[in-house]
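Could you slot chain S onto chain D? The hints should help.
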Amino acid sequence: MYSVLATLTLLSILPFWIMILNATRSHAEILVSPVSLLPGKFLAENLARTFVLLPLWSGLLNSIIITVVSTVGNVYFGTLAAYAFHIYHFKFKEVLYAIIISFMMIPATLSLVGLFDLANKMNLLDTFKILIIPSFGVPATLFFMRQYVKITLPLDIIAQGRIDGASEIRILHNLIFPILKPGIVTISIFTFVGVWNNLLTPLVLLFTPEKFPITVLITQLNSDIRADYGLLFFTIAFAVVPIIVMYYFLAKHIVSGLTTGSLKG
Amino acid sequence: MITKTNRWDRQGYLLIAPFLVIFIIFTIYPNLYSLYLGFTEFNGFDPPVFNGTDNLQRLWFEDRTFWISVGNTWSIWLVNFIPQLGLGLFLSYIFTYSKVNGMSFFRMVFYFPNLVTAAAMGQLFYTFSGYPDGLINQVLTNIGWLKEPYEFMRSPLYAQNAIAFVNWLMWYGYTTVILMVGLTSIPYDLYEAAKLEGASNIQIFWKITLPILRPTLLYILVTSLIGGMQMFDIPYVVGNAIGAPGAPEKSTLTMMSYFQQQGFNYSNLGYAGAISLSVFLMVMFITVGIFFLNKHSEN
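For the protein sequence lines, the chains are D and S, in the order given. Using this note's numbering, read the first sequence as starting at 1 and increasing by one per residue. Using this note's numbering, read the second sequence as starting at 1 and increasing by one per residue.
Excised from the complex, chain D in its bound form (with noise of 0.2 Å):
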């Protein structure tokens, strides 16, 4: 059985492990030896001549702008109006609800056509925006947001803002998303690491490559790349290494978030 654990370790691992030693090294060091225990020399030299080809950057600083703001939004908004759902009585408000849910069976990308053709008539082709402001109203987010919530929420909480005469945003603001936390943390990550790794979309909305996040410009390695393999897997290296960075610090998150989250899956 430990056997298995092994060679399942070794998998999820080495390839990264490879792909980071050889972006340290150079071509022809790669060449002679594929695998290699110490890191190389070429760093830099890798970086320099990389970033020349490829506009690395400015590709890092894309996704990290959509992605922040896209999860900020996404959460912000989707928590406001599980919280309303949750607490406010209206007519069809469960029709309403259900409509929405339903929406997240749908495969994402049905719309994309008309995404693509509403951002023409926007003139949101090859913006940020058409990127970001779709993600503020996403229903698995919702749907999330709702069921925990309906959890957590003392409702005495809100009866005693309202006596002391609060509006009724405050309290949301101060007093119920403290409360709201792990879950606001949980589905931030999830949301985050959906839309940084999103391909398509950007792919199909974007245009200018200095535009272009990371995914989309690993797609792009042209000839000059592949031709070296110590600038190859740098740049492969240079997408994979800030996910790496963000799970040695939220892995106990994540995967605490996965196993409450999905109870109710």
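By construction, these hints were calculated from the structure, which means they are not laboratory data. Using N, Cα and C, we set each Cβ at its ideal position, and we do this for glycine too. Among the clues, some could well be false.
Said to hold, decoys possible - So the derived list for chain S, only partly shown, Cβ under 10 Å to chain D, looks like this:
1. 17
2. 180
3. 294
Structure of chain S alone, referenced to chain D:
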């Protein structure tokens, strides 16, 4: 205790409005419009021309490439999913029921590939499979399994299964974690009672564990299917690297690859709309079918 408010407070509207407005404009409208565009001829800039079911007819009855892409998508998904589920069951079982040293370490390691950008994984493994001096070729020739380097990525069989392999690597950890949640909800007394009655381990697995895991298994099946049918990133990267979408020999063309090629390389947006509509219909029918079968066999 004061319960939820019964009045429709104006500020409540304020809270839902942003979400709802954005949802309507950027999700409901594009979905409906995409559906409509599937029945038009549209290149993205001139106004769409309604052409009835022409697109669908051509797609379903005359387009060999489409059906090749359907077959590719299915075979890649199946080769990925079945081992994924099997391994997930095995791992979740031993993690839940036997004492494994370093379980949480293993879990974190196994889940990691799920987070990596699929396109990057695709590039990485494509690089490993390089000819003549990719990692795999170098290692295999050095240890003598190959006499000379082999052009792996030119082989449709290899390409398809390499894609399936990468997908498997990316998702087995996720599947394991989800299954563990399901398993840990099974009360241990059930097992003890069964053991007392003399049930064997296998009987316990089939008659107790699996039935209780049903909802979890269903969830995994449906989400994997929906995702699998839309697989794009890795096939796209592989095809691009070789130089033609779907290379080698169209074996890596998935439905979504075909969609992207038709809609955005060839500007046949109406036709692409028909493709995504077909994918949607396929997914819907199969999902409904699965739920239906599930209800039935619950007796």
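We went through each hint and held it up to the structure:
{"no.": "1", "hint": "17", "result": "holds, 9 Å"}
{"no.": "2", "hint": "180", "result": "holds, 7 Å"}
{"no.": "3", "hint": "294", "result": "violated, 15 Å"}
Comparing the model with each numbered hint stated earlier shows that hint 3 is the single one that does not hold.
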